[in-house]
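Just need the whole structure built from these sequences, with the hints factored in.
For the sequence shown, numbering that gives the first Met the number 0 begins at 0 and goes up steadily by one.
Note that these hints are calculated values from the structure, not bench results.
Distance windows between CB atoms, simulated:
#1 Q39 with D77: 23 to 31 Å
#2 N72 with E15: 36 to 44 Å
#3 K95 with T40: 41 to 49 Å
In silico SDA-like cross-links for lysine to any residue, where the CA-CA straight-line distance does not exceed 25 Å:
#4 K134 with D213
#5 K14 with E121
#6 K93 with D138
#7 K214 with G118
#8 K134 with A35
Where a beta carbon is used, it is the ideal one built from N, C-alpha and C, also for glycine.
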Amino acid sequence: MANELIQAITLLKQKEWVDLTHTFGPESPHFHAFDAAEFQTLFTHDDGFFAQRFSFPGQYGTHLDAPIHFVRNKRYLDEIELKELVLPLVVIDKSKEAEANNDYSLSVEDILHFESEHGQIESGSFVALRTDWSKRWPDVEAFNNKDADGNNHAPGWSLEALKFLFEERQIKAVGHETFDTDATIDYRKNGALLGEYFVLDQDTYQVELLKNLDKLPAKGAVIVNITPKPEKASGFPVRSFAILP
0 MANELIQAIT LLKQKEWVDL THTFGPESPH FHAFDAAEFQ TLFTHDDGFF AQRFSFPGQY
60 GTHLDAPIHF VRNKRYLDEI ELKELVLPLV VIDKSKEAEA NNDYSLSVED ILHFESEHGQ
120 IESGSFVALR TDWSKRWPDV EAFNNKDADG NNHAPGWSLE ALKFLFEERQ IKAVGHETFD
180 TDATIDYRKN GALLGEYFVL DQDTYQVELL KNLDKLPAKG AVIVNITPKP EKASGFPVRS
240 FAILP
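Now the structure itself:
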């Protein structure tokens, strides 16, 4: 007779699973301070086997930022516990607002409005901000969205919203579809990524460059974030996916 674990995985595999991860390569959009990824073929099948070398920053493609990425003396990627990587998923949809205003920044009022429709956000949740920015992938120009002066315009979280979620709702982690936590207009105004620093200062992680958030319910799904385990890493590409209720 199947034990409860086998029954659980059988149940899970009957559900719809949604990939939240971009395929990335040397031509993909990436943070401006990084060089493009390099993929090199080391051996081909003519040599007996196919093998490659990959060179890219830890924060490349859909990736997980460990707390140490911004904050001294916080945890490295390999120190994040397995159970932290599987969480109830909440998706706040601000795609229409981000389309109308590429500098849109999620507010506390937005969160309260979401809760008036869907109920209070539960403690321990992973909260994802849907802006549909991921639909610009893999068009580098569209993703960077620079104006005539060379300034990027992309939506994000306000610091106030993040403080509310972590301090008042006791959430566990966040994710978004853009390069950074902060809206680019807030970054230029503040001269720093205050939102990103705040998140990682909670000694937790975030996932950047998510996709397919438009295929998820506001509540009820679960997110799974799988990464390799390099020693003392500040972050690494992640395979994130959601299991729908």
